[in-house]
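Undergrad: Starting from the known structure of chain A, arrange chains B, C and D on it as the hints suggest.
Number of protein chains: 4
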Amino acid sequence: MNKFALWIIAAFMSAAFALSQTPQQTEPPAWQWDWNRIQSVVGKVRAGKDLTPKSWPGNNRVAAALSFDLDNETVSLRDGNLSPSELSQGEYGSRVAVGRILALLDKHQIKASFFVPAVVARLYPDSVKQIVAKGHEIGMHGWIHERNSLLTEQQERDLMRRSYTTLREAAGVSPVGIRTPSWDYSPWTMKIIREMKLLYDSSLMADERPYEVLFEGKPTGVVELPVEWIMDDYPYFGMNRFSTIRPHIAPEDVLDIWRKEFDVALEEASLFVLTMHPHIIGHRSRIVILDKLISHMKSRPGVWFARHDEVAKAAAGQLRRQ
Amino acid sequence: MNKFALWIIAAFMSAAFALSQTPQQTEPPAWQWDWNRIQSVVGKVRAGKDLTPKSWPGNNRVAAALSFDLDNETVSLRDGNLSPSELSQGEYGSRVAVGRILALLDKHQIKASFFVPAVVARLYPDSVKQIVAKGHEIGMHGWIHERNSLLTEQQERDLMRRSYTTLREAAGVSPVGIRTPSWDYSPWTMKIIREMKLLYDSSLMADERPYEVLFEGKPTGVVELPVEWIMDDYPYFGMNRFSTIRPHIAPEDVLDIWRKEFDVALEEASLFVLTMHPHIIGHRSRIVILDKLISHMKSRPGVWFARHDEVAKAAAGQLRRQ
Amino acid sequence: MNKFALWIIAAFMSAAFALSQTPQQTEPPAWQWDWNRIQSVVGKVRAGKDLTPKSWPGNNRVAAALSFDLDNETVSLRDGNLSPSELSQGEYGSRVAVGRILALLDKHQIKASFFVPAVVARLYPDSVKQIVAKGHEIGMHGWIHERNSLLTEQQERDLMRRSYTTLREAAGVSPVGIRTPSWDYSPWTMKIIREMKLLYDSSLMADERPYEVLFEGKPTGVVELPVEWIMDDYPYFGMNRFSTIRPHIAPEDVLDIWRKEFDVALEEASLFVLTMHPHIIGHRSRIVILDKLISHMKSRPGVWFARHDEVAKAAAGQLRRQ
Amino acid sequence: MNKFALWIIAAFMSAAFALSQTPQQTEPPAWQWDWNRIQSVVGKVRAGKDLTPKSWPGNNRVAAALSFDLDNETVSLRDGNLSPSELSQGEYGSRVAVGRILALLDKHQIKASFFVPAVVARLYPDSVKQIVAKGHEIGMHGWIHERNSLLTEQQERDLMRRSYTTLREAAGVSPVGIRTPSWDYSPWTMKIIREMKLLYDSSLMADERPYEVLFEGKPTGVVELPVEWIMDDYPYFGMNRFSTIRPHIAPEDVLDIWRKEFDVALEEASLFVLTMHPHIIGHRSRIVILDKLISHMKSRPGVWFARHDEVAKAAAGQLRRQ
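Protein chains in written order, with my numbering: chain A, 369 to 690; chain B, 369 to 690; chain C, 369 to 690; chain D, 369 to 690.
One should not assume that every hint holds.
Straight-line alpha carbon distances no greater than 20 Å define the calculated SDA-like cross-link-like pairs of lysine to any residue that follow [as the list claims (entries may be wrong)]:
1) Lys-417(C) x Gly-685(D)
2) Lys-502(B) x Ile-478(B)
3) Lys-681(C) x Pro-425(C)
4) Lys-475(B) x Asp-631(A)
These are calculated hints, taken from the structure and not from any lab test.
Note that the structure is a prediction, hence the values are computed from the model and not measured.
Pulled out of the complex, with its shape left as it was, chain A reads as follows (with noise of 0.2 Å):
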């Protein structure tokens, strides 16, 4: 083959990577679109019943839900990054991260969620069964952190429910939450949630209290825990050498926004979730803030520091009153 030919397949290759990777301009624009269209893309999933309870288990004032989301080497998989000190910086995850990671719950005697895609369950089963030895939560986080976004529905549907089963198998236990991968959503994500009849979901961001999810208008019965993008360590922290992705928060200063979200999350008396990452959160110079947050939260008066799943039910609650 010469040099003019693979020059050609380069050219339509690399185009065809970036189509992947980006979200599709509509066709027509969107100032062409009639009312119809308008509501019905705006309308397919919105945020419906504020479930914040009077006040939650304990007679507390505000509930803390940390998790953390055990990618490992998923995400770099899935962005087809095989380079082995690429892939290194995920086993970090499992090898170090969650021992530190957990070791620090357990001196704050604290319970927390982890959302672990179905690879990384059964590439480092040790992890699971230790996470689950000492009573924190797992969740569903996609098959190998794939974009649901990109596949048809009966795939998405598929990787869910062998998703499903890896985790049951690898905790003993069934998981009843879900965190999507990189908190994408197709237009029937929910609609399988429903019909794997989860019990809370954790990937959209319409509130900070929790709520009922409404799917095409109607009430759905799932409980939903809102994410943000100022809640997770990776838009901080993130590193991807091949795009100008760098971490460019100083760790004091993430610090410095999580408690100003706590802060008001507790005068509010609502709900705090906080995502992060293990290989990503469980560096040494980050560690410390993490123990510095929870310190801050353990000081103030009428916090439930509490597993996903917990939240959930207690929310859940208020899915019944009037």
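TA: Quick look at chains B, C and D alone, frame taken from chain A:
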């Protein structure tokens, strides 16, 4: 259709998408232009007469004009990001942030301006009613946050008229000012603003003081209340997972920047315009710095907090002076 | 013309645009080069003799050379961003920032250097006159901030000559130094600088001390006053909404960086060169840190604030020493 | 050749360039892989036995291994950025920064390791001699900072052998360790490292403690001294004007990160590896934070400052223990 054909199509779609997002290289490059071309491009829209009054109403030294662009889901829709999770970030604007902002403005007894895309006014009529009921201003902000520079003159005019009518119906009062979406500006934006007899624009950056806009070298009578990326919450706090846009300045550092801007504005006895977005500034860790900023401003004598229309009217008094 | 044809054209234009903005991959890759090729590329322009004098005029320890590149609209024009809103950001440079900077330099009784694209000198003749009237230097900075590395040798020479003449007419005095736009450097930039018998260049980064430039291994007699991105306001404060360039370091942190650079320069008894841009540093929240920086520098004994031409003349005295 | 033909060629070259810079999407996507494929990719190179000794030489608690990758112009050459201004940034590394770093290490009486691309060793033989004369280590760092993952196995082997010979000639001693350029890793990098009988590698990230590398599941006897982007100056201070890479964390904040990393390393009685680059850390405003960091480390009891080869030898003592 075979895979190779799909690749070819993907390549062209990808390139077309990139093209639609990027300002075009002029042909020929600018160093080859003759002087007339340079002058005509630079001279299209310029800053004219400084409209700072001797003193602001109430004999105050500085006018402080706070504004909130209530974009909600429109930027996502415009960019074709239709994921329910992505859209839920916009839903947060009206569901959570508007209430928090209105309470803060109430607490400080301040009136402000809200620039609202017409689609948001229709999707969230209650937000518009609450804003108006509290005595705040509703200003124009496009139909669906479209890029005016990608439209023909007639398309831009049609959307501006439709937006005007929609806002008037939702707010019960006619808007008198505009902030263009993303501060984009086509060669005929100012022409249409004059046709619509708007009092003011707030999208240009040639000064911090209010000024009269010149169009093709001639005074327009339109008051400019200039903006700046420095005085906008988005460049510091914006997050787009498909690009590398991240929140990269800590809230306390943003507070310091805005406080410095205000202090010099007060010293110079001029104007302070701050642009924010409910779904960005309305989060717990950020609303507290807006609270601190307003408290700082109120601690200084000589500050007139006012809506953009009030500031524009005070500045317009200078139009007729020699 | 049908839509498919438009897509094809768009694809090629987009790729060509990307190509024109990106340095080209050498062919073959560098690891395949022979030693002669490596040496000839690296050896094209090099740092020669250290020109730091025993002491600076007035028996001072350190020379502090502040400079302002008055780009205004030229970078936007060069990049084909012709939006009136974008251009108004450049207009701010002469309308607001130059006055603020001149007042600050006056207050501190300091002379500085302004590097001015010739197009700016023609669009804003009053800025040039004010700068000259205050005793500051006007230096060359390209015709319209063009990328010299995208020009042929003759095109680059023609633009440099035209810029020289235009600046001389605007300033009433011949420029003696150059800072290339964006610090770009073609293989023949230094050759043309010598032809034009300029005293100094301020665009290279091999040292912090002044040095004699070597061209193809031979001394040129041209004094280099080296620059660095660390000592430039743009990398910290730049904003480009079409890329992900954002202001991402707080002004007080930039002040700390520049203060540290100065403190070591003073300790080393050498040179401190700071590059700024009126439309960037001239904003309210930034001019105050420049004020603080100058105050800090003036609080230390042994600092000679000087124009680039004065520093270059003092350094040139070392050219003839053995 | 007409313009249209140029455009077509430009389009393909541009795409090919992008392709050569980006890791490729695997085909098919990872969620379609069977379990063998996942295991074989993840299992290629893994972390084996923890090699932390009971105590470090001198009965110290923690080993502190500082390293400097002397890249100078090689990254620019590899990426095809041949502008004399760009290259002068690399020249700074040997002309200015190496001397400043050697003086700092002398002041603190510390030995460190310098990883040197062979091309740099030939371009700057004096730098190598100075480094060796002061008792520091010279380690391998590629031929011209090439991307090993873009080479065939034989090309990678040839360049590694040529680099080894060149370094030995320049330093007068054989290198015993390697840090791969950019920490890239091909599937056969570890195979070649074993063939060359190197004592250690310092390019992987599965732990902070020293460990034995496993290759395809089997112990290699190669000691890994793991690195991390957190412990590298480039992610915080790097600058590339053609991308959006910018210095975006203030030096004092970087100092705080590294100090936190060290404090936990000391507490855990383990290893602290810091990767720096002379042309990055050697600048005035950054060398002062390295000085502060070392002073902080020296203020704590139980710190063994050592070269990478010394640390690797101490760790290798654990290889033979059960």
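Undergrad: Keeping to a limit of 20 Å between CA atoms, is the pair of Lys-475(B) and Asp-631(A) held or broken?
TA: Holds: Lys-475(B) and Asp-631(A) sit about 19 Å apart, inside 20 Å.
Undergrad: Tell me if the straight-line CA distance from Lys-417(C) to Gly-685(D) falls inside 20 Å.
TA: 50 Å, violated
Undergrad: Given the hinted pair Lys-681(C) and Pro-425(C), is their alpha-carbon gap at most 20 Å?
TA: OK: Lys-681(C) and Pro-425(C) at ~10 Å, within 20 Å.
Undergrad: Do the alpha carbons of Lys-502(B) and Ile-478(B) lie within 20 Å of each other, as the hint requires?
TA: Roughly 10 Å separates the two Cα atoms, so the pair holds.
The structure fails hint 1 only (numbered hints given earlier).
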